[in-house]
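Asker: So you can see what is in the structure, the chains are spelled out below.
2 protein chains.
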Amino acid sequence: MSAPKYGVVSVGNALVDVISKSSEEFIDEQKAKHGMEKGAMTLIDESRALGLYSEMGPGTETSGGSAGNTMAGFASFGGKGGFIGKVADDELGKIFQHDLRAMDIIFETQPLQMGAKTGRCLILVTPDGERTMNTFLGASTELCEDDVDKNLISDAQVTYLEGYLFDKETAKNAFVSASKAAHDAGRRVALSLSDPFCVDRHRADFLKLVENHVDILFANEDEIKSLYQDDDFDSALDKVASNVEIAAVTRGANGAVIISKGEKYVISAEAVSNVVDTTGAGDQFAAGFLYGFTEGRDLESCGKLGAIAAAEVISHIGPRPLVSYAELAKKAA
Amino acid sequence: MSAPKYGVVSVGNALVDVISKSSEEFIDEQKAKHGMEKGAMTLIDESRALGLYSEMGPGTETSGGSAGNTMAGFASFGGKGGFIGKVADDELGKIFQHDLRAMDIIFETQPLQMGAKTGRCLILVTPDGERTMNTFLGASTELCEDDVDKNLISDAQVTYLEGYLFDKETAKNAFVSASKAAHDAGRRVALSLSDPFCVDRHRADFLKLVENHVDILFANEDEIKSLYQDDDFDSALDKVASNVEIAAVTRGANGAVIISKGEKYVISAEAVSNVVDTTGAGDQFAAGFLYGFTEGRDLESCGKLGAIAAAEVISHIGPRPLVSYAELAKKAA
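Chains as they are written, first to last, in this note's numbering: chain A, 1 to 333; chain B, 1 to 333.
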């Protein structure tokens with residue numbers, strides 16, 4: 001087995017975020033009319049995406065997607081890695097490609113030539129800084145087993161899978177195929193559960209994946225409770241600890257808990273003077289953690305790097321770093 | 001003459017901004033290779049736009065264009081108005097349309113169906129907060145006299161023209177046509193000089209426009225010096241004062257000077273704790289000034305509203321307001 005060339009290769013939805021400020025009343029109206037759930041991610045189709053867009057306020061467009069955000073953070077720490085995901089051959093697709101490649105992230109998945117447009121996530125940020133996401137997956141759901149670059153995966157220490165991709169059947173197969181390729185090469189597989197509703201939609205498949213293929217699990221409190229249908233956080237933690245080598249569970253303002261081989265590490269959240277937009281908090285926690293992990297740091301240090309990145313991303317609009325995470329980590333050390 | 005329905009209708013380039021952080025070294029390299037001028041706006045063609053984009057860091061896309069930014073600020077104060085400008089029938093064009101209409105700004109110019117793409121401005125923001133702009137005008141230069149909606153213009157107190165449009169001959173005719181329509185309806189015409197290099201490229205035409213058609217002139221120090229080819233600020237001010245009813249000249253951190261009918265008003269800049277990105281400072285000064293003016297405020301109050309808006313926009317990335325200017329104005333009063 002040769003030494004890995006890269007730290008992390010991610011497999012995820014290729015999405016462009018359209019971020020807009022929203023009042024609480026607008027979310028309430030949209031909930032009543034369209035079932036929008038504040039703070040969660042709702043899947044929408046193209047016609048609903050167009051309808052919602054026309055009702056939203058002015059927006060800012062920026063590359064997003066959970067695993068793409070994580071790779072941007074990982075690169076900002078100084079990590080080398082790649083991304084596997086599907087855009088269409090259109091303007092938003094070109095923006096998504098550019099933004100990853102501009103950070104020296106390898107991204108060679110062939111764009112979809114015909115059919116759906118590049119996926120987009122319409123994000124409404126309320127005055128409390130919470131984000132409510134409405135995702136039109138578009139071309140990103142066309143990711144299939146053939147797109148999973150096994151050479152790239154076997155060259156990476158960790159293959160990181162985004163739970164949101166589970167919303168389409170073909171992507172589930174791509175996940176299993178990516179996991180097998182990683183393990184065949186002696187590498188590790190990480191998974192982010194992404195969203196309690198996503199877990200709810202695909203609980204049995206997630207459990208099977210976690211039990212059989214996942215070494216490192218990222219989740220928040222609600223997600224692991226949903227995965228094990230257990231309202232007691234500590235008992236859900238015990239269950240996840242028996243399934244994976246490492247579980248990193250984020251708890252918002254209460255920081256995070258990392259469990260591995262019977263040991264538990266409690267990580268405090270970094271102080272943030274003004275929470276502007278929580279989009280990307282979990283993604284950047286994973287970025288910091290994975291950077292530390294692939295650099296051989298101890299688990300507590302990995303968690304600390306995750307907390308540093310999460311604190312930066314929630315202090316501004318947008319899901320990706322606005323400053324160098326390498327610099328932030330240096331200052332904190 | 002009926003009462004005007006709207007405060008301001010703007011005529012300008014319809015551009016989407018692609019904003020990216022840049023090192024000083026990158027600007028130096030681009031200056032040596034391509035003549036990029038730090039702090040200024042350089043016009044580029046499509047192939048150079050693609051080349052520069054591929055070398056730039058990850059970006060954020062947001063609707064821009066000088067006069068479009070001014071209208072966004074004007075609407076944020078609570079003003080009612082319209083915009084005349086040309087996008088293409090593509091994704092970036094739809095983003096530009098949406099962002100204006102989402103602020104209740106009337107924007108009915110027909111998109112270009114064939115030919116150039118929607119124009120874009122590649123903006124590099126250096127660590128000192130200065131922005132260096134590289135504009136591919138694209139479809140925006142196809143704006144012609146037929147696009148100038150004379151009914152809309154005669155319904156507005158002020159028709160506001162963006163100097164940047166002067167870079168194409170057909171647009172110059174559209175300007176004159178818009179000015180005549182405004183004056184025929186008994187309204188006022190405002191012009192922003194936009195950029196000292198733009199003034200330099202079209203000095204004779206600008207002078208003719210200012211002398212014959214402009215009531216309110218917006219400029220910064222460098223622009224009026226360039227217009228009158230006069231290195232002495234006070235003497236350039238005297239010249240502009242003899243040409244227009246009102247001249248509002250911005251001086252960066254030194255605030256602004258307003259001259260009208262022999263009176264001079266000195267406006268202090270508002271304190272800004274952290275200048276992040278100066279993109280849109282002049283545009284938002286004009287927004288505040290025009291809002292005050294169309295609400296019948298005295299010129300000193302108009303200048304103060306301009307300073308409030310400019311201070312907000314330079315404290316974050318992006319050329320348009322992130323908070324309500326109506327609220328800021330209320331707090332300041």
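Keep in mind that the hints were calculated from the coordinates and are not lab data.
Among these hints, one or two may not hold up.
For chains that are exact copies, the list does not tell them apart, and a pair is met inside one copy or across any two.
Derived lysine-lysine pairs resembling DSBU-like cross-links, with alpha carbons at most 35 Å apart [what the hints assert, rightly or not]:
1. LYS80 to LYS239
2. LYS5 to LYS38
3. LYS94 to LYS31
4. LYS168 to LYS5
Note that the structure is predicted; figures quoted are calculated from it, not measured.
Asker: Does each hint fit the structure? Answer for all of them.
Answerer: Here is what the structure says about each hint:
{"no.": "1", "hint": "LYS80 to LYS239", "result": "within (33 Å within a copy, 59 Å between copies)"}
{"no.": "2", "hint": "LYS5 to LYS38", "result": "neither (41 Å within a copy, 38 Å between copies)"}
{"no.": "3", "hint": "LYS94 to LYS31", "result": "both (33 Å within a copy, 26 Å between copies)"}
{"no.": "4", "hint": "LYS168 to LYS5", "result": "within (30 Å within a copy, 51 Å between copies)"}
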